[in-house]
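S.K.: Sequence:
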Amino acid sequence: MSDKDLTKSIESPFNVKVTRRDFIKASAGTVACVSLSSMFFGCGSSSGSASVVANYPIDSTVVKTDERMISFSYPSDLGESPNGGEALKMEELRQIQDYDKLGYGQWKYLDRPLPIVERIDIMPDDYDPELVDKEAKLLNFFAMTDIHLTDKEAPNQFIDLQRSNSASSSNTSIYSGVMLYTPQTFDAAIQTANALHQQDPFDFFISLGDVSNTGMYNEVRWYIDIIDGKVIIPSSGAHFGDDTVDFQKPFKAAGLDKSIPFYQTLGNHDHFLIGSFPVHENGLAETFTSDTVWSAPNELLIPDLATFPNLININNIHNQTYQHYYQGVIDGTSPFGNVINFGEVEDFSYPPQIVADPDRRFLGRVDWIQEFLTTTTSSPKGHGFNLVASNSNFYLVPDAEKAGFACYSFLPKSDVPLKVIVLDDTQREDDGSYNIHGHGFLDATRWAWLQAELADGQENDQLMIIACHIPIAVSGIGTELEWWLSDEDPNARIDNACTITELVTKLQDTPNLLMWIAGHRHFNTIKAFVSPDANQPEKGFWQVETSSLRDFPQQFRTFEIFMNSDYSISIEAVNVDIAVKEGTPAATSRKYAIATQQIIRNDLKPNFKNYQTYYGRDLGPADPTRPRDGDPLNPDSGTTDPSIQHVDLQDIPYHASYNARLFKQLSPAMKAKMQALFPTL
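The letter at position 20 of the sequence shown is residue 6 when you use our numbering, and the numbering goes up by one with no holes.
A few of these clues could be false.
Here are the computed distance ranges between Cβ atoms for each label pair [unchecked claim]:
#1 T230 / N588: 25 to 35 angstroms
#2 P518 / N620: 27 to 37 angstroms
#3 I288 / Q92: 42 to 52 angstroms
#4 L619 / K657: 13 to 23 angstroms
#5 N41 / I288: 42 to 52 angstroms
#6 E488 / D447: 51 to 61 angstroms
#7 T599 / Q185: 46 to 56 angstroms
Derived pair list, reagent style SDA-like, types lysine to any residue, alpha-carbon separation capped at 20 angstroms [to be verified]:
#8 K75 / Q185
#9 K405 / M656
#10 K75 / L590
#11 K238 / N379
#12 K399 / L373
#13 K659 / E445
#14 K567 / I106
#15 K120 / I106
#16 K657 / L467
#17 K235 / H266
#18 K591 / T626
#19 K591 / P247
#20 K123 / H183
#21 K492 / T465
#22 K405 / Q448
#23 K367 / P337
#24 K492 / N379
#25 K216 / D189
#26 K657 / K567
#27 K405 / Q444
#28 K591 / P621
#29 K492 / P398
#30 K595 / N379
#31 K591 / D637
#32 K87 / D63
#33 K120 / K216
#34 K595 / K399
#35 K123 / Y553
#36 K367 / F190
#37 K120 / K492
#38 K244 / P398
#39 K492 / N446
#40 K595 / P621
For the record, the hints were derived by calculation from the structure and aren't laboratory data. Just so it is clear, CB atoms sit at the ideal spot from N, CA and C, and this is done for glycine as well.
Construct the complete structure from the given sequences, taking the supplied hints into account.
M.R.: Structure representation (structure tokens):
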């Protein structure tokens, strides 16, 4: 991009000429709030109210995927666009203006249900679900995750790496068109949940982390204020386009139904730069509120197999021997969200400038938690973090860790012996690793706390659900999503307190555990952890993942837990599409999400292999519950997981959803407890 183009982008909002000197001068001070909306709302990201502000209703039909599915074209020829034209290449993903003429993002509803698959993987071999009826509903809740509310105008993104770096071209987390509409999409999702609540009331809502894309104050405020039903200003800096461009215009959020309790989990994107790198440890804090778009080399996100399984090194961002690229921002004046201020550093005579915004400041885990404790009007106050210090096992937490401790538990219903354990299983900021911080992790404190919570649940005859951000035993070693191998990281200063084998063994030794629910990977995968002892099937448990609200399929998930006629438990886990209304920003977001999947073709139904060795080294199992075989160097080796299943629908070319009824055997003691509570089944 030339300097002329950059100047043009500065001129366009007000139709007057602004010199670079004047622009830089204006952006350096407190006059960052220069838009009309700032006169109404002030400099805050989502406070106050205006005389006239939009709101965006959802569609009148609100159902789950077991009643209706979305269908769109998915050509088998990768060189063909959905309407038969020449397909866009991955590095052309940002050419949103071409989507319509090539047929990208066009979809329709089909009254075609996605079946609810009966799963008895962890039940006794002779179990017959056809002989069992659902008798009593114990709990009904929904989970949303990986919302990734994104300040698309922030100076410290990795937007251009998706174009300039072939190793990152499939990484839609750093750029895709959906980043334009994340607040409006979340608002529509909340409205969809509210409508379902009117049909069949929910007992609570739990968010499984990654509410923000990179832990900025304004991103977190958008999240909380959308739930609280406030006016949202979905722009930042100069607020260009906030009176002309739909994704920039302020809007009134509907808010979560006040009768639905809401609980929060911490995700890696909530306290790491773009979910990947510690901010203060790497001197990155000043980049959040800078008035200069930063640069990065392609090498930053190119995996280095020589250091496997530590493939990425944040220090490469400072390596000036590499070619650096300004990473760009979204142009708020462009209806298609054009990327500006990007390209090779050598092509610019001076660094590209933007209007700085103090509301882009990085929070960090302590201040992030405080936002939920002190600034929200929905219930319960604190959204679970108010329960951290009153938890009976909080004595295990050292004083130095208390302010940032994000684990707690709660009982959703007083008459049902079921405890939800909310677990922070993200990496620590001070762990020393230079690698991407997307791994599962428990430090010594969290591991001790979790073991105590599980023991208490067993002793008190409580069913248990673990709710956290990162799933376990489903990601291959080297994916940056697996259980962290701290022993293999030469820079690690803190150990992962348990191996994946030790963790799974402890969970299997907790027969009252029903399931582990998580987000993080943006998939709808369900995995069975079968008991290691066929004579004790109650030691088995389920893991249920929920996909992201950012990327396709943009779904959340409902959970209905039933006591069956034989005193087993069944869990109906069902995906929900956001009920977007035609012509709204959320409908455009769905269009762009589908278009992104049509162009990028990411595998949204993966089944990673378990290997005996990784490039000749024994690093232990990725999944301790299935056999290990071969090495990635031999593409025909490795064992996949037979419990990870998917349903193909003949009349729907592509989908990434999975609904299931999951059966769970109770221990003799827990069965007796439930028989006493529900004697008339």
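S.K.: Hint by hint, note whether the structure agrees.
M.R.: Results of checking the hints against the structure:
One distance hint, 25 to 35 angstroms for the beta-carbon pair T230 and N588, holds here, with the actual separation near 33 angstroms. Look at P518 against N620: about 28 angstroms separates their beta carbons, and that is inside 27 to 37 angstroms. For I288 and Q92, the hinted distance range of 42 to 52 angstroms is not satisfied, since their beta carbons lie about 34 angstroms from each other. In this structure, L619 and K657 break the distance hint of 13 to 23 angstroms, their C-beta atoms being roughly 48 angstroms apart.
Under the hint 42 to 52 angstroms, the C-beta atoms of N41 and I288, about 44 angstroms apart, fit the expected range. In this structure the supplied range 51 to 61 angstroms is violated for E488 paired with D447, their Cβ-Cβ distance being about 25 angstroms. Between T599 and Q185 the Cβ separation comes to about 52 angstroms, which falls inside the hinted range of 46 to 56 angstroms. Between K75 and Q185 the alpha-carbon distance is near 43 angstroms, which puts this suggested pair outside the 20 angstroms criterion.
Under the criterion of a C-alpha separation no larger than 20 angstroms, the hint pairing K405 with M656 is consistent with the structure, at around 14 angstroms. Taking the CA atoms of K75 and L590, the gap is near 19 angstroms; set against the 20 angstroms cutoff, the hint holds. Our distance criterion of 20 angstroms between C-alpha atoms is broken by K238 and N379, whose separation comes to about 41 angstroms. Under the criterion of a C-alpha separation no larger than 20 angstroms, the hint pairing K399 with L373 is consistent with the structure, at around 16 angstroms.
Distance check on the hinted pair: K659 and E445 sit about 12 angstroms apart at the alpha-carbon level, within 20 angstroms; holds. At roughly 38 angstroms between alpha-carbon atoms, K567 and I106 are farther apart than 20 angstroms, so this suggested pair is violated. Proposed proximity of K120 and I106 is supported: the alpha carbons are some 15 angstroms apart, at most 20 angstroms. About 36 angstroms separates the Cα atoms of K657 and L467, which puts this hinted pair outside 20 angstroms; it is violated.
Restraint check: the Cα-Cα separation between K235 and H266 comes to about 33 angstroms, which exceeds 20 angstroms; the hinted pair is violated. Proposed proximity of K591 and T626 is supported: the alpha carbons are some 12 angstroms apart, at most 20 angstroms. For the hint pairing K591 with P247, the CA-to-CA distance comes to about 32 angstroms; that exceeds 20 angstroms, so the pair is violated. In summary, the hint linking K123 to H183 is supported, as the alpha carbons are separated by about 15 angstroms, within the 20 angstroms threshold.
A C-alpha spacing of about 24 angstroms is found between K492 and T465, which places the hinted pair above 20 angstroms, so the restraint is violated. Note on K405 and Q448: the hinted pairing holds, with a Cα-Cα distance of about 6 angstroms set against a maximum of 20 angstroms. Restraint check for K367 and P337: not satisfied, since their Cα atoms lie roughly 44 angstroms apart, outside the 20 angstroms limit. Proximity of K492 to N379 is assessed by CA-CA distance (about 18 angstroms); at most 20 angstroms being required, the pair is judged to hold.
Using a Cα cut-off of 20 angstroms, the hinted pair K216 and D189 is violated, with the two alpha carbons roughly 23 angstroms apart. At roughly 46 angstroms between alpha-carbon atoms, K657 and K567 are farther apart than 20 angstroms, so this suggested pair is violated. Restraint check for K405 and Q444: satisfied, since their Cα atoms lie roughly 11 angstroms apart, inside the 20 angstroms limit. In summary, the hint linking K591 to P621 is supported, as the alpha carbons are separated by about 19 angstroms, within the 20 angstroms threshold.
For the hint pairing K492 with P398, the CA-to-CA distance comes to about 24 angstroms; that exceeds 20 angstroms, so the pair is violated. Among the hinted pairs, K595 with N379 is inconsistent with the structure: their alpha-carbon atoms are about 37 angstroms apart, more than 20 angstroms. With a C-alpha separation of about 18 angstroms, the suggested pairing of K591 with D637 holds against the 20 angstroms cut-off. Between K87 and D63 the alpha-carbon distance is near 18 angstroms, which keeps this suggested pair within the 20 angstroms criterion.
Taken as a hint, the K120 and K216 pair is broken in the structure, with Cα atoms around 40 angstroms apart against an allowance of 20 angstroms. Note on K595 and K399: the hinted pairing is violated, with a Cα-Cα distance of about 40 angstroms set against a maximum of 20 angstroms. Between the alpha carbons of K123 and Y553 the distance comes to roughly 12 angstroms, so the proposed pair stays at or under 20 angstroms and holds. Our distance criterion of 20 angstroms between C-alpha atoms is met by K367 and F190, whose separation comes to about 14 angstroms.
Straight-line distance between C-alpha atoms of K120 and K492 comes to about 30 angstroms, which puts the hinted pair past the 20 angstroms bound. With a C-alpha separation of about 16 angstroms, the suggested pair K244 and P398 falls inside the 20 angstroms cut-off, and the hint holds. Between the alpha carbons of K492 and N446 the distance comes to roughly 17 angstroms, so the proposed pair stays at or under 20 angstroms and holds. Pair hint K595 plus P621 holds up; C-alpha atoms about 10 angstroms apart against a cutoff of 20 angstroms.
The structure does not agree with the numbered hints 3, 4, 6, 8, 11, 14, 16, 17, 19, 21, 23, 25, 26, 29, 30, 33, 34 and 37 stated previously, though it agrees with the rest.
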